[in-house]
Structures are given as C-alpha cells and as structure tokens.
Amino acid sequence: MADPITKDPTSYLSHLELGEPDKTFLDSNELIINMGPQHPATHGVLRVILKLDGEKVLGTECVIGYLHRGVEKIAENRTYTMFNPYVDRMDYVAAVSNGLGYCEAVEKLLNVQAPPRANYIRVILTELNRIASHQLWLGTHALDIGAMTPLFYTFRDREEILKIFEKYCGARLTTHAFRIGGCQYETYEGFEADVKKFLDFFPPKIDEYEELLTTNRIWVERTVGVGKISAADCKALGVTGPVLRASGVKWDIRKALPYANYSEFDFEIPTGQNGDTYDRYMVRMQEMRQALRIIRQAVERIPEGPIMAKVPKVMKPPVGEVYHSIEAPKGELGYFIVSDGSTQPYRVRVRPPSFVNLQALDIMVRGALVADVIAVIGTLDIVLGEVDR
Amino acid sequence: MTPVATPFFFYLLSGLTLVSGVLVITRKNAVHSALALIFGLLAQAGLYLMLYAPFVAGVQIILYAGGIMVLFLFVIMLVNLERSQKEAQFNKQWLVGLLAAGALGGLFVAVYMRGQGLFPEHAPLPLEGSNTQQVGVLLYGQYMFAFEIASLLLLVAIIGAVVMAKKRI
Amino acid sequence: MLDYITSYLGMNTTPGQAGNIFWATVYILVVFGGVSVAVMAMNWLERKALAHFQIRLGPMRVGPHGLLQPIADAIKLFTKEDIIPAEADKFVFWIAPLIILCASFTVYIVVPFGPTHAITDLNIGILFMLGVSSLSVLGVVMAGWASNSHYPLIGSLRSSAQMISYEVAMGMAVVSAILMTSLNKTGTGTLSMIGIVQAQQEQQVWFLFKFFPLGLIAFIIFAIAMVAETNRAPFDLPEAESELTAGFHTEYSGLRWSLFMLGEYAAMIAVSSIAVTLWLGGWMRPFPNTLSGETWDLVFSLVPGLSFLGLALIAFIGVARMPKHAYFRIQTIGLAGFGAVLGLIGLALFAPPVRDRIQDIFWFVAKVAVFMYLYIWYRATFPRYRFDQLMKVGWKVLLPVAIGVLILTAIVGVIF
Amino acid sequence: MVPITTLHYLVVAAALFVLGVIGVLTRRNVVIVLMSIELILNAVNLNLVAFSRLWGLHGQVFSIFVITDAAAEAAVGLGILIAFFRNKETVNVDEVDLLKW
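Protein chains in written order, with the numbering used here: chain A, 107 to 495; chain B, 68 to 236; chain C, 12 to 427; chain D, 3 to 103.
Chain A with its partners taken away, still in its complex shape (with noise of 0.2 Å):
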C-alpha cells in the first residue's frame, strides 16, 4: 500500500498496472474512478480507487489512514489502565468487545482472573454490543443498496440496547464499560429486568427485517452470488468473523477458544455455504439471534457475588508478551502486547477484524459492477476508526 502522505498521486495506482492516464475511456474502456474518502458508502473515510470498463470493475485499490490516529503508539505512553479508554474509538459502534478483548489481554498479563459475576455481566454486554453491531451493518447495508426503510427501524431497536447501556456506565457509544479485573460498576437496579425486556422485544424486530429483506426480490438479486468468496481464499487472507463463516467455515474464537465464560453457555454457530453477500446477511441474521440467546441464559444464571478481582492500583505487569484474541462482531480482534515491566506497556499491537477483512475486498468485486463494490463493502461491515486506528 502506499504511502497516504505521498502528494504524487500515482504512487497509489502501484498494483493497477496504470500507464499514462487514458485520454479517453473508449479507446481503452479503462476507466479510474475515486470513489472516497467523501463518499456517502464507503462507511467512513475509505477512498477505494476503482479501475473500471464501462460498469465492470477490473481492479480496486484501497487507500485508508484518513482516520489515523496512532492509536497503538498512543498505548505506548499511557499505562495500562489509562490506555483503556483508548479502545473504545477504535470500533466505535462495537465499543464493548473492543473493551473486552483488552481487558482480558491485559488480565491474561497479569495473570489474575475476572471474579465469575464480572464474567456475566460483560458476557450479557458484550453480546448486546453485538446485536448493537450488526443492527447498525444491516441498516448501512441496506441503505446502500438502496432501501432506505430497515435503517431507520433498526436504529430505533438500536436505541433499547444503548439505552440499557447508557444506564449501566453512563456512555452509549463509547462505553468504557469495564476494567482490568472485572467491571467498575455494578449493575444498576433493574438491569435483568430491561435486559429480559428487550429479549423479548426484539425477536419480533428481527422478523420484522427479515420480512423486509430475505424474500425481497430486488434484495435478492442483488446479494445472491455478488462478492463471493472461497474458504481458501479467506483463510489466505485471514478473513474471519461472519465474512468467514458465511464461507462455510465454523470458526468462532467463542467456540474454538473460549474467553470470558463463554464455555458455560449452549449456542451455535451459524454458517453459509456460498460465501455470498446474501449469505453473510443470513449469518449475520442468525447471529443475532444466537447472541439473544446467549444472553438469555447469562441473565437467567447470573451470580451474585464481587465484580473486581485484586489487582493493584499501579500496574506493573511481568516482562512478557501476550496475545489474546477475541470473537468481535466483525470478527477476530486481537491484542497483542509486550510488557517491559514497567507501568507502560512497551508495544500494543491491534489485529483489527475490519482491516485484514476489507483485503478481501479486492478478490470479492473483481468482475464485478459498480454497484456490487457498494453491496461488498457495506457486506465486509467495515469500520473505518478500526481499519486505520
């Protein structure tokens, strides 16, 4: 990839195979187009540089960093604790997981555990967090293929979830719920109550957006067979998450590595055969009602007890390294982190889902249209804060 801060702005085109700028796009049927980082669905600041004969796409180029921010370097000079918040503007809309996954790196250095009825509260968060998530892929997908309608109805069964956590920690989006060692706050009266609410207010939601989606023709067409992708080929590229498992590959780190107490609670892993932007919508779909699920069995078996371990004010974790890896909504987020023994870390590395998932970009709409680069990206559930962090 080449160097965002590069004013030549050729250097981008490296793998395109560009001569000199075609005079005309008949002579050649070559056609560049920017699509971004001013683009109302690249979710964000993602700048894809199209190459393309008349509609059909020969190549993509995918230029990020419009949202850098340095966040792992940040890490480098905050301690552990300090560092916490950092994360949280990394996936912004799956702000828990990020949270999560740090937490339990850090933990794991430390070698302490979170006490049992910490590990349920951020379980039943976590996966709300999801649900959160993949409402908000779905109604962004959906808008960018053009029905405008399941946005606005998801953003409003969004809001149940963010409500439940606005009263927990005060935050809606950037939640900051939890802490090295367990949570900070204790769940706040009521809390089962709403989370038993919304359980069962929201499968009828769920249906409600399958009616409008999963048998509409136009939607069909339009997701059936667009943006495949081969198991081999996200293995090669270490796609994971529902991209992944729509491919047919049962891999869920909940599964396959369990943190957390994930290994306490009955679910499945839902999975596509075709690898398909449809498919991914249909694991997607599953998902969340795989994560209602594993919420309503935390809720019902949720231990009294403390919410912190005993972890020291000053955290000076042994020189060692660490790599924890967590299910995210958009797949394997892991972190990686080397501690020198000191109250900083000495490096933090983020393996973010959304970057190594948007690589597949480039193979899923090649050959495709113009409208199908659309469909994949909203489809890879990208989140540009993750991507350049």
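Read the hints as simulated data drawn from the structure, not as lab findings. It should be emphasised that the depicted structure is a prediction, and the values quoted were computed from it without experimental measurement. The beta-carbon is built from N, C-alpha and C at its ideal position, and this holds for glycine as well. Possibly wrong hints are sitting among the right ones.
Only pairs whose alpha carbons sit at most 20 Å apart, straight line, appear in this in silico EDC-like list of lysine to aspartate or glutamate [said to hold, decoys possible]:
no., chain 1, residue 1, chain 2, residue 2
1, A, Lys162, C, Asp399
2, A, Lys303, A, Asp263
3, B, Lys95, C, Asp100
4, B, Lys233, D, Glu75
5, A, Lys422, A, Asp446
Short, incomplete list of chain C residues facing chain B, as computed with Cβ under 10 Å [to be verified]:
no., residue
6, Met22
7, Ser145
8, Leu168
Please arrange chains B, C and D on chain A, whose structure you already have, making use of the hints.
Chains B, C and D only, in chain A's frame:
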C-alpha cells in the same frame, strides 16, 4: 383547427431551422452542433405541424430528436473530441466545396424562379383529422413491401453497427 | 373583446381546438401553475409519507406539520450559490436543466383533465407525450457530459441507456391500449388523449379491465416502465446516491439543481397522467356502469367537496392535538387557517355550477395522486436494482411480455 | 403579409439542403459531417411533406421511410466512426485514406 398567425410562425420556425442549420456546420464543439441540430429538428417538427402532417411531426420528435440525436450525443461523449477542437475545422478544399454548394444553391434558385407558376396555389383541403390513419393505411397497404425492406434495412444496420463498434463479440 | 372571451365558454371543446388564444393562455398558466404547486405539494407529501413509513416525523418545524417546508426549500435553493465547475462546458451546463424542465412541462399541453379541460387536443396526443417526454434524456446526457466529471458521466450513460430501453417496452404497452380504442363500431382508433378516454366511455369499460387480463398486464408493464422512465426507486440508478453520489446532477447546485427536481417531479406526474388516461378511464368517475343513474351521479359529484372537507377535518384534528403552549400559537393559528381554506374550497365545490365543471378534474387528479403515492411507497420499500439486472428486466422480461400482449390483444380484438 | 405557399417551404428546404452540402464538403470532423447529412435528409423530408399537401399523403409516408433510413445511416455511420477512432485516434475525415488498417 383554424391556424393562428400562420406567416408569423412560419417565419419563426423556418428562421430557427436555418439558424440552427448554420450553427450545426460552424460550431467547433460537436456537442454544440448536436444541440443546434436538435433545436432545428424540433423547429422542423413545428413546420410539419403547420403542413398538416402531425404524424410525421410526432415521428420526427420521437425518432430524430429523441433517438438519433441521443445516439449522436452518446458517440460524441465516447469519442473525446478535445483534440479535434484545436485543429483546423475546415478541410483544404473548403473553397471548392463552398463554390459547389453555391452553384447548387444557384441551381435551386433558378429552378424555383422558372417553375414558380407550376405550383397550384390553392392547396386541397388537408386531412388533418385522420392523418395518422391515412398514413397507416398507405404504409401497410400500398407501401407494404417498402415497409418490410425498411425493417430489413434497420436489422442490417443494427448488426453492422454492433459488429463495427464492438471490440470483442 | 369581451365577446371573444365569453364566446369560448359556450363551446364544447378545448381552447386549443377552438383557436381561442385568450383561454388557451389562461389554461396554460393554470396548468403550469397547478403543476408547479403539485410538485411542491408532492415534495412535502413525499417527505412526510416517507417519514411515516420510516417511523419518523419528517418536516415539522417550518409551518404547522412542515407545511411551509417546500417554500422554505425553494427560498433556500434560490438564494444558494450557483456553482459552475471551472472545467465544465458552460453553455451546455446551463441549458441541460432547462431542456429537462421544458420537456417535462410541454407534455402537459395535451393532458386531458376533462373533456374540455385540456390546453389542446392534438390528434397525435399520445405520440406527442411520449416523444416530448423522451426528450428529457437529452438533458440528462448533456448534464452528465457538461459536468466534465466521472460520476455524472457514468450516471448519464446509465440514465440514457435506461430511459431508452424502457421507452421501448412502454411504447409497446401504449400501442396495445391504442389498439383497444379501435375496437368500436366504426373501427377507427385514435391517438388523441381525449379520444382515448372517450373510447373508454363508449366501450363502457376502463382499458384496465378490457380483455382481462390483457389490459391489466399492459398496464402493469407501463406502470413498471414509467417508474424506470422517471428514474425513481427502485430504478433510481442514475442518481443512486450510494454509488454515484448523485448521478448526472452531482455537479449541480442551487437553482439549477432545483430545476432538475422540478422536471423530475413534473415528469412523474406527466407519465402518471398517461397511465390514468390510457387505462384508468381518465376523467371518468369510478363505477360509471354499475352505479349509474341520476342519484349516483349526484352522490359522486359530491365527493370532491366531501374530500376537501375531510382534509379540512384532518387539519382541525391537528389543531386540536397541538400542544397548548404559547410557543405553538402561531402554528396552531396557521393550521386552523389552512383547514379553514380547505373547508371553504370544499364548500365552494358543493355549488352546482362549480361541481359540474370541477368533478372531471377532481377524478383525474385523484387517480394521478394514487400513482404519486405508489411512487413514494416503492421508494420506501424496495432496494435498488443493479444496472445489468435493470437491463435484463427491461429487455428480457418487459419487452417480450409487452409484445406478446400486443399480439394477443390484436388477435382477441379481431375475433371478438 | 404574403400568404404562405408551398414555395416558401421549398425555399426553406433548399436552403437547408445547401447548408447540409456545405457542411459535408467543408468540415473535417466526421461527427459534424454525419450531422450535415442529417440536415440534408431533413431538407428532403421537408420537401416531401410540403408536396404532400398538394398531392396526397404519399410524401408523408416517404418521409417516414427517409427517417428510418436516417436512423440506419446514423447507426452505421457512428459505428464506423467508433471503429475508426479506436484505430486512428482521430475523427478527421481527411485522414480516412486507407481502405483497410
């Protein structure tokens, strides 16, 4: 229908036709030429209406202005003409061409001057009310064969255009 | 002079045919003004209805229930800076929106709002309407080309390909309806818009139900093609905002952009009125056969007044539901005034002379309004087609079906 | 004012025809040459329709054939133009000097 202010509209429409004709052959930019041609064609459709030929006027609007000219604009958009705008617009034999055209015009003038008296001044009553029907009857009756030939011509043109314009078939 | 003006009133024909310049001018002004008002109303209605589809409120701030929103929009667009890109072809850029506007307003010359309520009645009426409305594709192509930018260029290429493709299916569907006009005693068909409605009157059937289901299929084909023709959802690829930002009018702003919108909405109303004329009996009231007779005529002639009174009632309910707070006082008064105006119009429509003259127009407009609502409904419900799928639908589904219907209509017409 | 006779229309048609001929003979741009041919065809059409007012509708029928022909001509002509442009990168008519390339 009683015609309203016939001479005025005749001069207006024919003036528009001729002015746009001049613009077509003098503009540098082919899109401007095409635009002028479209206006000319529409004005000419007005002339057809004045000649009690509403069906031809309708066909003129649909086929010429709405069909053929879109094709022209399409091609102009596809072939980038910026380079040709900077080159000489008229070829080397322009003087000869102009003279030949002038001679042709002179011929027309002479013919009309001589033959002025040959036109019957009182036109027969126009059949405006059922014009479309009459045209249809002629088209599918007496000119049936010509009509079929025309459809064949269009087919050939379609195939020819596709074969020539497409790189890979 | 006065004689000249009043002489038309006794005549039983359109001002254009009567050759009466004064009344023709009046009609032109009334129709064009009415269409402009309808476009504004449509603008408000679309935002409002779409909002309620999507559990929102829509415009609420400017005037009671956002009723003045279109006016505020218009003022905003008029005063906005009018940007012409430096590399654009200035003349073509300037004239493209005018072409679209002219094309979509000119067709109203032949729209028959009633047996005498049309500016004129050309005997190539429907051909004229199709032809002139197809001219707007020129404006689209020019706008895209003149902007000298990639997105508008792709948008205009898409748009022109789409409009030309769907015109074919549309034309075929129209021909099958025209064929039905010739199935009367004399065997002469007509292309005149008024003649087409009169043919339905004579044959005592809306062409929608003629040779069931042939008329219905032709109508459905037209209804689909007309959505594509006007670039509306689900066929709004030329201006698909998620793909091409705004398609052919990406580079336009301010007044010029509003001209595009005006043209688009006017074209929507125009094609809807073609559909109403050809298949839904034009200005005829519903059930002219089963519910005929003096009493029913009277009952149906009261409907325009009653519907306006109903609208007034809705406005007054809105007044009653307004929060009783000083902040809302002006809004409440405004809404009450609006309701009062609607009510007065409703009462005026009960007067027999007005009633007789107005009910044709009312039924025509009401039928067109149904189509306008459908447009909004489509937009709220459907995702967008992809370009190749759009072409597939146009050429591989609609066109063969339309030709089949045409042939079948001809065969059935000859047999019966 | 002089009443408008058929001759008036014929004069307009002749003028249009001459304009078209000038365009064909002097312009270098193939697109404009093709448009000039359209002008010529239109002049012919105007003549036919003007005469049809005197001698029945055959002229109008013929003008419809002429329009059909114009459509075919435009399609083929523009097809040739695109093929030509693709090979020689120019639209100048006086550079069409090879029968095969």
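Contradicted hints - numbers only: Hint 6 is the one this structure does not satisfy, whereas the remaining hints hold.
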